[in-house]
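A.B. asks: Hey, can you work out the whole structure from these sequences and the hints?
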Amino acid sequence: MSRFTIPRDLYFGKGAINELKNALEGYKKAIVVSGGSSMKKYGFLEKLQKVLEDAGLEVKLFEGVEPDPSIETVMKGAKAMRDFEPDVIVSIGGGSPIDAAKAMWVFYENPEKTFEDIKTPFTMPKLRNKAIFVAIPSTSGTATEVTAFSVITDYSNKVKYPLADFEITPDIAVLDSEIPNTMPKFLVADTGMDALTHAIEAYVASNRSPFSDPLAIKAINMICENLIDSYNGDEEARGNMHIAQCLAGMAFSNALLGVVHSLAHKIGAQYKISHGRCNAILLPYVIKYNSKVCMKDFAYIAKSLGLPGNSDKALVDSLISKVDEFNIKLGIGKAIKDHGVSEEQFKESLDFIAKNAVEDPCTGSNPRKTDIANMKKILEFAYYGKDINF
Numbered sequence: 001m002s003r004f005t006i007p008r009d010l011y012f013g014k015g016a017i018n019e020l021k022n023a024l025e026g027y028k029k030a031i032v033v034s035g036g037s038s039m040k041k042y043g044f045l046e047k048l049q050k051v052l053e054d055a056g057l058e059v060k061l062f063e064g065v066e067p068d069p070s071i072e073t074v075m076k077g078a079k080a081m082r083d084f085e086p087d088v089i090v091s092i093g094g095g096s097p098i099d100a101a102k103a104m105w106v107f108y109e110n111p112e113k114t115f116e117d118i119k120t121p122f123t124m125p126k127l128r129n130k131a132i133f134v135a136i137p138s139t140s141g142t143a144t145e146v147t148a149f150s151v152i153t154d155y156s157n158k159v160k161y162p163l164a165d166f167e168i169t170p171d172i173a174v175l176d177s178e179i180p181n182t183m184p185k186f187l188v189a190d191t192g193m194d195a196l197t198h199a200i201e202a203y204v205a206s207n208r209s210p211f212s213d214p215l216a217i218k219a220i221n222m223i224c225e226n227l228i229d230s231y232n233g234d235e236e237a238r239g240n241m242h243i244a245q246c247l248a249g250m251a252f253s254n255a256l257l258g259v260v261h262s263l264a265h266k267i268g269a270q271y272k273i274s275h276g277r278c279n280a281i282l283l284p285y286v287i288k289y290n291s292k293v294c295m296k297d298f299a300y301i302a303k304s305l306g307l308p309g310n311s312d313k314a315l316v317d318s319l320i321s322k323v324d325e326f327n328i329k330l331g332i333g334k335a336i337k338d339h340g341v342s343e344e345q346f347k348e349s350l351d352f353i354a355k356n357a358v359e360d361p362c363t364g365s366n367p368r369k370t371d372i373a374n375m376k377k378i379l380e381f382a383y384y385g386k387d388i389n390f
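Under my numbering, the sequence shown has 152 at position 152, and the numbering climbs by one with no breaks.
Each hint can be trusted.
Label pairs and their computed distance ranges (CB to CB):
#: 1; residue 1: Thr5; residue 2: Asn374; range: 27 to 35 Å
#: 2; residue 1: Gly385; residue 2: Thr120; range: 30 to 38 Å
#: 3; residue 1: Glu343; residue 2: Asp371; range: 17 to 25 Å
#: 4; residue 1: Asp371; residue 2: Ser321; range: 25 to 33 Å
#: 5; residue 1: Gly26; residue 2: Thr120; range: 32 to 40 Å
#: 6; residue 1: Ser2; residue 2: Lys369; range: 14 to 22 Å
#: 7; residue 1: Ser37; residue 2: Gly15; range: 20 to 28 Å
#: 8; residue 1: Asn310; residue 2: Gly64; range: 52 to 60 Å
#: 9; residue 1: Ala373; residue 2: Gly43; range: 47 to 55 Å
#: 10; residue 1: Ser2; residue 2: Phe84; range: 31 to 39 Å
FYI, nobody ran anything at the bench for these hints, they're computed from the structure. Cβ atoms here follow ideal geometry from the backbone N, Cα and C, with glycine treated the same way.
C.D. replies: Set out below in structure tokens:
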């Protein structure tokens with residue numbers, strides 16, 4: 001038996017945030033979790049607060065969630081929730097504040113739990129005894145507004161932990177197309193490649209299904225049609241990317257992911273390279289690695305994009321070239337060494353990253369089985385920018 005889970009309600013389009021006046025009728029108290037200053041700078045945090053207050057809710061703000069949120073921030077936010085006792089948790093911003101708020105939600109409703117208790121995938125306690133969850137993304141990549149995942153960093157050992165459970169899938173997602181227009185170009189690039197990686201990995205993941213496949217393919221096509229125009233500031237393309245990344249999120253939340261993400265979680269924490277950029281670097285290498293067992297699936301993706309090739313292998317090569325082309329146009333270097341990681345630093349951390357990547361929850365759904373030795377080889381080829389040949 002398989003399962004397919006998405007939020008109950010999804011509001012999208014220009015000004016969609018206003019619909020919360022109706023969606024939250026009857027609720028009493030909302031805590032709003034946000035990150036840096038961008039949502040405040042562009043007026044969206046104030047707008048959200050007014051919408052909630054107009055709906056009759058008492059509102060408390062919890063601001064300042066850092067990029068790659070820490071366990072400490074999660075626990076601090078959970079305490080703020082216990083003190084305020086909201087029946088609605090709303091998070092607005094990029095993946096970091098939404099991921100953090102999801103984890104805060106768990107400890108708000110279950111204060112007896114520890115981080116160790118929830119690290120194992122799909123072992124979380126039941127939620128929604130105290131509050132529902134509303135997610136409003138400001139970036140177009142993580143799709144955390146529709147997923148069963150939250151990534152939290154333990155800075156004591158420099159490891160990112162992807163928490164996974166359908167319990168933390170938001171109840172309501174709001175895709176307001178006005179918000180992503182505030183993204184700077186580098187963030188459009190990183191989040192766009194994150195979304196593309198989500199969709200491609202979901203299409204070949206071991207838990208894929210007839211429900212996730214159409215979402216993944218549609219997302220891939222929309223991303224490839226809109227990413228570069230979005231990067232260059234086209235507002236319609238930005239809106240399309242906001243929807244496309246959400247489709248990718250629905251796909252991977254149910255189909256799961258693969259070793260691009262397993263490695264990106266560990267590389268990002270060690271080298272302080274953004275998650276989306278890690279994915280962008282690794283994706284071409286992992287497509288080639290996984291094509292040994294799912295070449296026809298990658299070839300189908302290439303065909304859906306109208307890429308050239310008279311054989312499955314040629315089509316896969318075209319798909320890899322397309323990803324390389326995106327990275328070039330987005331200013332993303334091909335190899336890990338192009339991103340400020342010295343050879344000495346790489347060699348010192350190689351075993352640690354490979355070992356922890358194998359243990360990452362995303363590894364189990366990768367289409368090609370792997371181990372520490374193969375993870376090290378992928379990393380070495382990606383560090384030096386060499387073509388995968390194994």
